[in-house]
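**Q** From just these sequences and the hints, can you work out the full model?
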Amino acid sequence: MQPSDVVMLVNVLYFGHLREVTLKDKETIEMPSGATVGTLIEFLEGKYGPEYRTAMDAIKGLRILVDGRDHTLLGGKEAPLNEGCTVVFLPPIAGG
Amino acid sequence: MNRILRVDLSSRTWTTEELDEKLIRDYIGGRGFGAKLLYDDLKPGIDPYGEENEVIFIAGPLAATGAQSCARFEIYFKSPQTGGYFQSSGGGFFAPEMKFAGYDAIIIKGKSEKPVYLWIHDDKVEFRDGAYLWGLGLADTEQLIREELNDPYVRVAAIGPAGENLVKYAGVFSDRRAAARGGGGAVMGSKNLKALAVRGHQKVPIANNELFQQALKAQVATYRENPTYEMMHTTGTQASELTAVLGMYPWKNFREAPGPEWEKLQASEFNKLRVRKMGCHNCMIRCSQITKVWDGPFKGAWSEGPEYETLWSFSGPIGKAEIGLTVLADRLCDELGLDTISAGQSIGFAYELYEKGVITKEDTDGLELAYGNIEVVPKLIEMIAHREGFGDILAEGTKRMAEKYNQGSEYYAIQVKGLELPAYDPRGAKAHGLNLATSPLGADHNYGYGSQELFGVPIPRPVDRFAVEGKGEITKFNQDWAAFTETGILCTFASLMTGPDVFSQLLYGATGVEEFADPNYMWVVGERIVNLERMFNAREGFTREDDRMPERIVKEPLPYGPSAGQVFEEDALLDDYYAARGWDKETGLPTADKLRQLGLDFTLDYAAQ
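Just so you know, the sequences run in chain order A and B.
First residue of the first sequence: 0, per numbering that gives the first Met the number 0; consecutive thereafter.
First residue of the second sequence: 0, per numbering that gives the first Met the number 0; consecutive thereafter.
No wet-lab data here; the hints were simulated from the structure.
Please read these numbers as outputs of a predicted model, since none were measured by experiment.
Note that beta-carbon positions come from the ideal geometry of N, C-alpha and C, so glycine has one too.
Please note that the accuracy of each hint is not assured.
[Unchecked claim] If we take Cβ atoms under 10 angstroms as the criterion, some of the chain B residues that face chain A in the derived model are:
#1 T15
#2 N149
#3 D150
#4 P151
#5 L241
#6 E262
#7 S267
#8 H444
#9 L453
#10 P461
#11 P499
#12 P561
#13 S562
**A** Right, dumping it as structure tokens:
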């Protein structure tokens with residue numbers, strides 16, 4: 000099996016408007032080995048249509064967390080995903 | 000305008016004085032005034048419940064000017080909970096009314112022979128009988144005072160039964176807003192002071208109105224552009240989604256991460272309970288909301304809130320997510336006059352003591368404190384406020400509870416300097432934790448929010464929340480920034496949106512003091528305030544040893560979730576912090592050079608040797 004044929008499971012959590020587009024708050028997705036944040040977004044755009052990208056772009060200050068860490072600190076769109084990891088699309092939240 | 004009111008409850012006398020120009024220039028106002036006045040007025044070693052202790056109410060220079068989100072009042076006192084310097088902040092409408100009456104500060108010392116409340120209306124001060132209010136909750140107290148004074152627009156800051164009974168974490172409340180932490184309510188109670196009622200009719204002057212209006216316009220624009228504004232305006236301040244996905248929602252007394260239970264407490268669930276939006280004086284964010292419970296075991300409960308800290312305080316520590324309980328507990332604490340964080344944490348600590356067999360039903364007046372049994376929590380809150388039975392012990396807070404019960408329980412008493420930790424597990428955010436450790440108040444999150452780690456704010460730079468290196472510098476930035484913005488008592492939430500340039504212009508426009516137009520000057524004042532507060536505690540004998548985190552946080556890795564494996568690397572983080580501050584690493588105290596550099600020569604007797 001080529002590395003790209005190896006499938007891994009990625010958990011995805013949605014909040015805010017992305018829940019309205021996906022009609023769910025979480026799901027587990029099969030992704031090929033070597034997938035990144037960028038390829039996950041492309042996959043979700045394919046699955047839910049251009050509305051997904053539109054909704055994502057409309058959220059000012061959207062954070063994408065990979066196992067609780069900002070993807071910008073892990074390589075941005077190139078941030079690698081791993082088997083069993085959790086990706087969160089999080090609109091700005093602050094509180095206290 | 001720009002006056003200080005000094006009240007002596009022992010002699011039932013009062014005087015006023017003009018604010019000193021040098022005080023304004025060096026400390027600006029707000030927290031700067033509070034810190035300087037408290038340092039100057041109190042002698043070291045005094046009893047927090049003694050006549051010498053003071054409660055200082057402060058309104059910032061921007062309250063009632065039209066500036067957004069600057070209406071909070073602050074109280075300053077030596078804390079019965081920590082034995083050190085304390086400041087606590089509450090929202091609402093009280094601070095603008097102080098300004099309308101002409102006061103930036105109201106300093107209260109002494110002790111009244113009988114319960115009393117102060118009626119402060121413009122240039123007059125009256126000592127009014129408070130005996131008939133003693134024992135009443137906050138809502139009745141405010142209503143009866145307004146009825147007695149025949150003025151529905153009087154603003155009241157009062158204590159509940161918790162303050163009267165000297166609960167170590169009793170707060171001061173106004174219009175359901177709380178300056179809750181540190182025991183300021185107990186200090187008022189020790190003075191037999193039930194409340195302050197204030198009404199004023201003076202116009203707050205603006206030094207340069209054209210400049211001020213420009214800055215105000217810019218402030219409103221920054222709000223509109225900031226995504227956090229929209230979130231807080233529509234949803235409020237619940238943040239359990241955030242801490243859950245970061246693995247930082249502490250569970251069962253900081254032993255675990257919550258698992259899926261947190262989903263019952265996410266903002267979308269609270270939005271279903273919302274019946275009305277609320278806000279503070281002149282704040283367009285309007286982050287508050289009235290909630291009502293429509294079904295379940297706590298059906299019928301309502302409150303203004305709960306905010307994030309409170310919803311956590313009555314779920315995380317006891318290991319159960321029941322939304323109705325969080326609403327009811329919030330209301331009870333607001334009515335009885337309790338800090339929700341310390342109340343919830345003290346109860347959660349008791350649950351673990353009970354699980355470990357350190358205490359039994361014989362200690363708890365027959366109450367079953369097994370995890371999952373949450374029906375007893377409202378009863379425990381009432382018992383704390385009235386110091387009834389086991390509540391008398393819970394009223395002392397976790398540090399003193401651990402001293403009483405021993406058997407190794409100090410390890411899991413989750414407090415710093417006697418103040419219980421709030422709702423972000425510091426193992427998952429090292430700068431935020433470093434602030435909790437080093438704050439002179441004890442574990443107070445508002446002293447220097449780790450907004451880079453928690454909210455992803457890339458200022459002054461993006462930060463990896465697990466990294467240790469460089470967190471001293473980030474913590475210094477966060478603490479100095481908080482002090483900078485609290486000179487105008489800008490709400491913490493709004494400070495993230497307003498920014499230093501706009502805020503400096505607001506202060507300059509309002510006061511006309513040219514130095515305030517320069518953010519660099521303001522940063523220095525912020526650092527000066529933090530160092531002065533540190534020196535208050537140094538004078539009381541505090542050192543590096545008092546900056547220690549609870550052992551569980553230092554030794555016990557989080558067991559699972561997005562922060563799994565993390566501990567708080569205490570020594571490395573503290574060393575880094577003291578270096579960033581220019582303080583002595585051995586003692587954790589400012590050096591003489593640092594104090595001279597900041598114009599704090601009058602504190603040199605207590606500098607690091």
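**Q** Hint by hint, say whether it matches the structure.
**A** Evaluation of the provided hints:
no.: 1; hint: T15; verdict: 35 angstroms, violated
no.: 2; hint: N149; verdict: 38 angstroms, violated
no.: 3; hint: D150; verdict: 33 angstroms, violated
no.: 4; hint: P151; verdict: 31 angstroms, violated
no.: 5; hint: L241; verdict: 4 angstroms, holds
no.: 6; hint: E262; verdict: 8 angstroms, holds
no.: 7; hint: S267; verdict: 8 angstroms, holds
no.: 8; hint: H444; verdict: 6 angstroms, holds
no.: 9; hint: L453; verdict: 8 angstroms, holds
no.: 10; hint: P461; verdict: 6 angstroms, holds
no.: 11; hint: P499; verdict: 18 angstroms, violated
no.: 12; hint: P561; verdict: 3 angstroms, holds
no.: 13; hint: S562; verdict: 6 angstroms, holds
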